[in-house]
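*Asks:* Listed in order, the protein sequences are those of chains A and H. Read in UniProt numbering, the first sequence has 184 at position 184, and its numbers run on one by one without any break. Read in UniProt numbering, the second sequence has 20 at position 20, and its numbers run on one by one without any break.
Bear in mind the hints are in silico, worked out from the structure with no lab data behind them. There's no promise every hint is true.
Said to hold, decoys possible - Now the stretches of chain A that chain H is said to cover, found in silico as 3 or more residues with beta-carbon under 8 Å:
(1) 233-245
(2) 394-403
To be verified - Restraint-style ranges between C-beta atoms, simulated for each label pair:
(3) A:ASP277 with H:PHE15: 51 to 61 Å
(4) A:ARG368 with H:SER2: 20 to 30 Å
(5) H:GLU18 with A:GLN103: 27 to 37 Å
(6) H:ILE4 with A:ASP421: 30 to 40 Å
(7) H:ILE4 with A:THR483: 52 to 62 Å
(8) H:THR20 with A:ARG368: 25 to 35 Å
(9) A:ARG499 with H:GLU18: 50 to 60 Å
(10) A:ALA215 with H:ALA63: 52 to 62 Å
(11) H:ALA63 with A:GLU92: 28 to 38 Å
(12) A:ARG381 with H:ASN44: 15 to 25 Å
(13) A:ARG499 with H:SER2: 36 to 46 Å
(14) H:ALA63 with A:SER380: 37 to 47 Å
Just so it is clear, the structure is predicted and the values come from calculations on it, not from any experiment. Cβ atoms here follow ideal geometry from the backbone N, Cα and C, with glycine treated the same way.
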Amino acid sequence: MLNTYEFPEFDYVQSPEQTAGEVVRHPVVVVGAGPIGLTAALDFAARGLKVVVLDDNNTVSVGSRAVCYAKRPLEIWDRLGVAKPMLDKGIEWKLGRVFMRDQEVYEFDLLPEDGHKIPAFINLQQYYLEEYMVEACEKNPLIDLRWKHKVVSLKQGANYVDLAVETPDGIFHMEADWLLACDGANSDVRRMVGAEFTGQFFQDRFLIADIVMKADFPTERWFWFDPDFHRGQSALLHKQSDDVWRLDFQLGWDSDPEIEKRPENIIPRVKAMIGEDVDFELEWASVYQFACRRVDNFRHGRVLFAGDAAHQVSPFGARGANTGVQDIDNLSWKLAAVINGDAPEALIDTYHDERAFAADDNILNSTRSTDFITPKNGASRLYRDAVLALSRQFDFARPLVNSGRLSSPTPYVESPLNTADADAWEGAMVPGTCAADAPVVEDGQPGWLLEHLGEGFTLLVSGLAVKPVEAGTFTPTVLEIGTHVEDVEGKIAERYDLRDGAVYLIRPDQHVAARWRSFDPDKIRAAIAHATGGDLK
Amino acid sequence: MSLILSPNIENPDAFYQELTEAQRDLTDAEANAMNARLVLILANQVGSLEDLRDAIELAGATAA
Numbered sequence: 001m002l003n004t005y006e007f008p009e010f011d012y013v014q015s016p017e018q019t020a021g022e023v024v025r026h027p028v029v030v031v032g033a034g035p036i037g038l039t040a041a042l043d044f045a046a047r048g049l050k051v052v053v054l055d056d057n058n059t060v061s062v063g064s065r066a067v068c069y070a071k072r073p074l075e076i077w078d079r080l081g082v083a084k085p086m087l088d089k090g091i092e093w094k095l096g097r098v099f100m101r102d103q104e105v106y107e108f109d110l111l112p113e114d115g116h117k118i119p120a121f122i123n124l125q126q127y128y129l130e131e132y133m134v135e136a137c138e139k140n141p142l143i144d145l146r147w148k149h150k151v152v153s154l155k156q157g158a159n160y161v162d163l164a165v166e167t168p169d170g171i172f173h174m175e176a177d178w179l180l181a182c183d184g185a186n187s188d189v190r191r192m193v194g195a196e197f198t199g200q201f202f203q204d205r206f207l208i209a210d211i212v213m214k215a216d217f218p219t220e221r222w223f224w225f226d227p228d229f230h231r232g233q234s235a236l237l238h239k240q241s242d243d244v245w246r247l248d249f250q251l252g253w254d255s256d257p258e259i260e261k262r263p264e265n266i267i268p269r270v271k272a273m274i275g276e277d278v279d280f281e282l283e284w285a286s287v288y289q290f291a292c293r294r295v296d297n298f299r300h301g302r303v304l305f306a307g308d309a310a311h312q313v314s315p316f317g318a319r320g321a322n323t324g325v326q327d328i329d330n331l332s333w334k335l336a337a338v339i340n341g342d343a344p345e346a347l348i349d350t351y352h353d354e355r356a357f358a359a360d361d362n363i364l365n366s367t368r369s370t371d372f373i374t375p376k377n378g379a380s381r382l383y384r385d386a387v388l389a390l391s392r393q394f395d396f397a398r399p400l401v402n403s404g405r406l407s408s409p410t411p412y413v414e415s416p417l418n419t420a421d422a423d424a425w426e427g428a429m430v431p432g433t434c435a436a437d438a439p440v441v442e443d444g445q446p447g448w449l450l451e452h453l454g455e456g457f458t459l460l461v462s463g464l465a466v467k468p469v470e471a472g473t474f475t476p477t478v479l480e481i482g483t484h485v486e487d488v489e490g491k492i493a494e495r496y497d498l499r500d501g502a503v504y505l506i507r508p509d510q511h512v513a514a515r516w517r518s519f520d521p522d523k524i525r526a527a528i529a530h531a532t533g534g535d536l537k
Numbered sequence: 001m002s003l004i005l006s007p008n009i010e011n012p013d014a015f016y017q018e019l020t021e022a023q024r025d026l027t028d029a030e031a032n033a034m035n036a037r038l039v040l041i042l043a044n045q046v047g048s049l050e051d052l053r054d055a056i057e058l059a060g061a062t063a064a
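Taking the hints into account, I'd like the entire structure generated from these sequences.
*Replies:* Given below as structure tokens:
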């Protein structure tokens with residue numbers, strides 16, 4: 001039991017379909033009510049889909065687990081209306097420091113520019129995050145959260161999935177047009193489908209401990225290589241809310257997880273790190289080993305994978321839950337378009353194209369960090385130690401120090417949904433990129449660009465009044481800079497290179513689909529058709 | 001490949017002597033650690049990823 005948090009217990013309710021003994025076909029069933037499954041429920045409902053969520057447990061995550069939430073997932077949760085309690089409760093941070101022994105060798109600022117609604121990162125215990133999303137789900141009439149529902153077997157039909165689900169009242173069957181597996185790295189659904197989940201395992205162990213203490217360490221990510229308090233290994237210190245601090249100690253492959261988990265062995269390590277005189281209480285601890293793996297395909301027939309069920313990374317870089325939330329951002333509008341009959345089923349395949357690309361990018365970054373922290377062999381250890389030795393004296397070696405490259409969105413630069421640029425542009429907003437936020441003013445009231453993007457497609461235009469572009473259910477809303485909102489600080493012009501007459505087509509998930517230097521309704525319609533799978537086979 | 005593979009070191013004998021002299025009194029472990037630092041210092045001097053990649057490939061492919 002934690003000192004700072006009381007776990008809620010959610011009620012198991014027998015579903016009417018189990019009571020009646022009839023098999024009901026649902027449009028979407030989500031397996032797993034963790035951060036990704038709950039985000040999926042909220043996003044699917046936001047797009048008008050009825051969704052059933054099955055979870056084999058009846059509470060939130062035990063232990064703080066995921067800690068760091070990045071700007072982009074928070075923007076997604078803001079779109080879904082659940083970011084506020086997270087931002088209120090979470091601890092904002094953006095600075096990271098890396099030490100070699102007791103000397104600082106590297107520092108990074110994750111959001112060096114201002115003019116964004118959402119901070120670079122917040123730290124928040126996973127149970128709070130889940131609790132806030134469960135509350136939002138319970139208020140949503142489109143979401144049916146079912147606790148103590150465990151999927152025990154699964155069979156794919158031609159256009160649906162048949163599920164056997166075990167509850168305290170026994171086993172019953174239900175059907176789903178689409179099943180989304182958000183059941184974590186050890187996904188049962190993935191095993192039942194027979195999907196491959198391969199990659200690299202790292203031969204190292206890490207002790208993760210949460211402690212409660214009143215301390216005046218700054219709200220920054222501190223990472224040590226070979227610290228005096230834990231020689232030969234690495235360590236990490238990070239603040240969460242309620243005066244809970246996350247500590248992370250590298251233990252080495254030879255360590256015994258059962259022995260290391262014992263409080264009498266954890267406490268001396270903690271004291272060595274924070275000082276003998278600092279009062280603290282041990283809240284939660286766990287010993288982990290890491291792997292970087294990805295599912296072979298994010299879609300297997302009518303079964304889709306998201307979050308850790310689809311990809312697993314080491315925690316250095318906070319790329320797990322953060323990328324999982326972006327899976328949902330990508331999937332939800334596509335699934336709604338396909339279920340509503342507005343787009344061909346092939347649009348769902350682009351979920352794999354775009355998110356497997358992002359997963360591979362995350363795995364690459366995460367693998368590089370882990371290889372630096374846990375060198376593969378004697379030669380890589382020599383280079384790692386050489387980098388650290390040089391970095392104490394020389395600037396040139398500091399960018400090589402890798403204690404985790406923190407999560408940022410992967411632009412879908414190779415996406416089949418992009419329309420390639422035909423004009424010359426400055427800046428980062430190439431097709432496939434997540435739209436940058438910027439401050440705006442509407443009717444004298446300050447706000448943010450992302451808040452003004454539509455639920456569907458948006459045409460972002462500057463300096464001209466455009467006629468509506470008819471594209472059926474994908475007809476974009478028009479956001480004219482200078483008419484609907486003012487670009488008061490010039491950040492939109494700067495970040496988007498949005499000069500007079502320019503037009504951006506932005507997808508429902510706030511990614512750039514296409515852009516032009518002049519307004520041409522035919523080109524816009526073609527780009528919308530292209531971005532919605534209209535010309536996919 | 002833009003690597004210089006024709007002789008380019010100013011005074012080959014002097015360079016070679018200084019390199020080996022610098023490691024004469026080192027253990028193998030110390031020399032290996034120094035060589036790793038040396039590679040990183042020289043890599044920063046080169047800078048170009050393409051050149052570094054070519055050099056890594058060349059070193060790996062050369063028969064011992």
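*Asks:* Against this structure, judge whether each hint is valid.
*Replies:* Structure-based check of each hint:
Closer than 8 Å: that is the beta-carbon criterion, and the segment 233-245 of chain A has 0 residues meeting it against chain H, so the requirement of 3 is violated. Coverage of the segment 394-403 of chain A by chain H holds. Counting CB-CB distances below 8 Å, 3 residues qualify, and the rule asks for three or more. One distance hint, 51 to 61 Å for the beta-carbon pair ASP277 (chain A) and PHE15 (chain H), holds here, with the actual separation near 55 Å. Checked against the given bound of 20 to 30 Å, the beta carbons of ARG368 (chain A) and SER2 (chain H), roughly 26 Å apart, stay inside it.
Between GLU18 (chain H) and GLN103 (chain A) the C-beta distance comes to about 30 Å, which sits within the given range of 27 to 37 Å. Evaluation of the 30 to 40 Å hint for ILE4 (chain H) and ASP421 (chain A) yields a pass: the beta carbon distance comes to about 38 Å. Remark: the range hint 52 to 62 Å for ILE4 (chain H) to THR483 (chain A) is upheld by a beta-carbon distance near 59 Å. At about 34 Å, the beta-carbon gap between THR20 (chain H) and ARG368 (chain A) stays in the expected band of 25 to 35 Å.
Under the hint 50 to 60 Å, the C-beta atoms of ARG499 (chain A) and GLU18 (chain H), about 58 Å apart, fit the expected range. At about 58 Å, the beta-carbon gap between ALA215 (chain A) and ALA63 (chain H) stays in the expected band of 52 to 62 Å. For the pair ALA63 (chain H) and GLU92 (chain A), the beta carbons lie near 56 Å from each other, so the given range of 28 to 38 Å is not met. Roughly 20 Å separates the CB atoms of ARG381 (chain A) and ASN44 (chain H), a value that falls within the hinted 15 to 25 Å.
Hint check: ARG499 (chain A) to SER2 (chain H), Cβ distance near 38 Å, so the stated range 36 to 46 Å holds. Between ALA63 (chain H) and SER380 (chain A) the Cβ separation comes to about 23 Å, which falls outside the hinted range of 37 to 47 Å.
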